[in-house]
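K.L.:
Since chain A is already given, all that's left is putting chain B on it; use the hints.
From first to last, the protein sequence lines stand for chains A and B. Basically this note's numbering = 1-based index in the first sequence + 625. Basically this note's numbering = 1-based index in the second sequence + 625.
Treat the hints loosely; a few may be bogus.
Since the list gives no way to pick out one identical chain from another, each pair is judged satisfied if it fits inside one copy or across any two copies.
Listed next, the in silico DSS-like pairs over lysine-lysine satisfying Cα-Cα at most 30 Å (straight line) [what the hints assert, rightly or not]:
id, residue 1, residue 2
1, K687, K928
2, K919, K932
3, K687, K854
4, K687, K919
5, K768, K928
6, K662, K687
7, K823, K878
8, K878, K932
9, K823, K932
10, K687, K823
11, K687, K636
12, K662, K919
Source of the hints: derived by calculation from the structure; they are not laboratory data.
2 protein chains.
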Amino acid sequence: MDKQECVCLPKLSRVAVCGGTHGNELSGVYLVKELMKRRPQEDDEDRNQPILVLSNPRATQKCLRYIEVDLNRCFSHDALNSPLSDSTPYEVIRAHELNTQLGPKGSPDSVDLVCDLHNTTANMGLCLISFSDSDWISMHIFKHLQQCIPDIPMRYIHFDLPSDESYSLDSVGKHGFAIEIGPQPHGVVRSNVYTTMKDAVEHMLDWVRLFNSGTVFEGGPVDVFTLVKHIDYPRDCNTHDVIAAIHPQLQDKDFCLLNPGDPVFQTFSGETTTYNGSESLYPFFINECAYYEKGIAFSLSRKRCVKVPTVWMHQDQSNKL
Amino acid sequence: MDKQECVCLPKLSRVAVCGGTHGNELSGVYLVKELMKRRPQEDDEDRNQPILVLSNPRATQKCLRYIEVDLNRCFSHDALNSPLSDSTPYEVIRAHELNTQLGPKGSPDSVDLVCDLHNTTANMGLCLISFSDSDWISMHIFKHLQQCIPDIPMRYIHFDLPSDESYSLDSVGKHGFAIEIGPQPHGVVRSNVYTTMKDAVEHMLDWVRLFNSGTVFEGGPVDVFTLVKHIDYPRDCNTHDVIAAIHPQLQDKDFCLLNPGDPVFQTFSGETTTYNGSESLYPFFINECAYYEKGIAFSLSRKRCVKVPTVWMHQDQSNKL
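With the rest of the complex left out, here is chain A:
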């Protein structure tokens, strides 16, 4: 794909903006509620307004990440096609509902773009997270946000999984990404983070309107951080308790190159442990609250430059892939 310099793509007729997929990530929760309030009752999809979704209302109500299982791991092909029963967790049922509303995933009926709003306790600035490094729509939106909000550190993260294995809500659309902004504690809304998210969503919707009205968007390079692996905390063999914190020299240093031998953890008794990998890589999601239970202290990525082609809307292919 890197050799393509110009690409025609179908109109983006149906765009969904989702918040509260994790009920305690409050910028997205309050932003979607605010956008819902602003919309006059009579507005609907015909007027080119985004579809607004509060993804996990029960978890949002309780200010928890989830009620039974992590909703944002319930959108793989297998999970969406599993039979439901009386013992099916709430979030799996909710994933099926959302797949009906916004999908079905992988079908021509799915919405054109899903933007799912998240927060992290990690010092990650604003990240677009996508399962593709050749989704030119997502990458052009990223470039647009970089231009429009130049004072916020911004990165494009790529989770390299095939489409049917991609597990998050944004994978239900023909195009999709998460907007992840931090640092913000879960269960808290910070005005600077909220405002950045609001600006990003407005600029994203502006870009879609410009694209749909025929604007040509020039290509260019985008740095892509592709996930390589996760690193867990040191743990007690018997209790599985965490026995170390992220080292002060690594804490808040998301996207700063980590070299072999650099400090990564400080045990609760005071010893330093170092990075014993053989390759220098870029850490991110450093000390994300929700990942303690997932066995992730931080993730490591490889950075490379992707040449994004010029794009414009193909007049004859609106609403089709």
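P.N.:
Chain B only, in chain A's frame:
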């Protein structure tokens, strides 16, 4: 009391260090677990070791603030004397257990000092929180911590309630205070916050050893921040939803004087609201995660200087008030 220049006080024979009173405030959880690991099996109170308490083990296990009700509001006289039944919340039962272990509150059998470890998402540095502004033991420990850890902003907060209405775990001891350190997201441990807490506890125990061995501690002035009132978020009349975040000019400005007319909130639609009080006061607990449900966006305090007398141990009154 301000006129007293020298005060003799009984020996502090039994000191309790408690963590996990809120199960998702991880510095205290991991510090108490670490101190428990370090202690040889044969050590006990006879060897002048502190009593170590993991206050809410079920909430700690689930990394939640509490299971049913906030444990740290269960230690008032009325709550501790309420009859138990099958429907009594877990934390009320646990409070009765802790009162048996460390109290009974208000009796000669209660431990001499309770130090309860907490974290906040607010930018409060290290605070000692006490129900007394004339507990010279707590105030001398505060002065000692200020001297030993000069690079951490440190304040003494006073909640002005009579002893039988004081509701927190530290009120069970003859002397007691919470050590509150932030900012740290709940459910996360940051090495700098953990290390500060560890240093504070070690210096506190050093002070107790020095006091018990006859050291005379010179008096001096201490700034005390006494709670005046709480301020709630602006909320939707119908849904009771929060409709504004702490204003960016107030966020992280704990203990910076708030004057009438200063910005305090920014609504999710972008408007600024200002402080309409008539008196300049000192805000704290600004944007504390756990206080959204309690209707507290921040608290306001009045600062005054308390003259702490010189203290030493009264040889004949050890173990008595």
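K.L.:
For K662 and K919, with the copy left unspecified, which applies at a CA distance of at most 30 Å: within, between, both, or neither?
P.N.:
Cα proximity of K662 and K919: across copies only (25 Å, versus 35 Å in one copy).
K.L.:
Is it within a copy, between copies, both, or neither that the alpha carbon of K687 lies no farther than 30 Å from that of K823?
P.N.:
within (23 Å within a copy, 33 Å between copies)
K.L.:
Classify it for me, K823 with K878: is the Cα-Cα distance of at most 30 Å met within a copy, between copies, both or neither?
P.N.:
Answer is both; intra-copy 25 Å and inter-copy 24 Å each pass.
K.L.:
Within a copy, between copies, both or neither: which one fits K823 and K932 at a CA-CA cutoff of 30 Å?
P.N.:
within (28 Å within a copy, 50 Å between copies)
K.L.:
Is it within, between, both or neither when you check K768 against K928 at 30 Å Cα-Cα?
P.N.:
within (16 Å within a copy, 50 Å between copies)
K.L.:
For K687 and K854, with the copy left unspecified, which applies at a CA distance of at most 30 Å: within, between, both, or neither?
P.N.:
Between. Shortest inter-copy distance 26 Å satisfies the 30 Å Cα cut-off; intra-copy 32 Å does not.
K.L.:
Given identical chains, is K687 near K919, meaning Cα to Cα at most 30 Å, within a copy, between copies, both, or neither?
P.N.:
This pair counts as both: shortest intra-copy Cα distance 21 Å, inter-copy 14 Å.
K.L.:
Pop the pair K687 and K636 into one bin, within, between, both or neither, using alpha-carbon distances up to 30 Å.
P.N.:
neither (38 Å within a copy, 46 Å between copies)
K.L.:
My question is about K919 and K932: at a cut-off of 30 Å on alpha-carbon distance, are they close within one copy, between copies, both, or neither?
P.N.:
neither (34 Å within a copy, 51 Å between copies)
K.L.:
Within a copy, between copies, both or neither: which one fits K878 and K932 at a CA-CA cutoff of 30 Å?
P.N.:
The answer is within: 27 Å in one copy meets 30 Å, while 44 Å across copies does not.
K.L.:
I want to check one pair: K687 and K928. Are their C-alpha atoms no more than 30 Å apart within a copy, between two copies, both, or neither?
P.N.:
Cα proximity of K687 and K928: none, with 38 Å in one copy and 36 Å across.
K.L.:
Using 30 Å as the alpha carbon limit, work out where K662 and K687 are close: within a copy, between copies, both or neither.
P.N.:
This pair counts as within: shortest intra-copy Cα distance 21 Å, inter-copy 35 Å.
In this structure, the hints that do not hold are numbers 1, 2, 11, in rising order.
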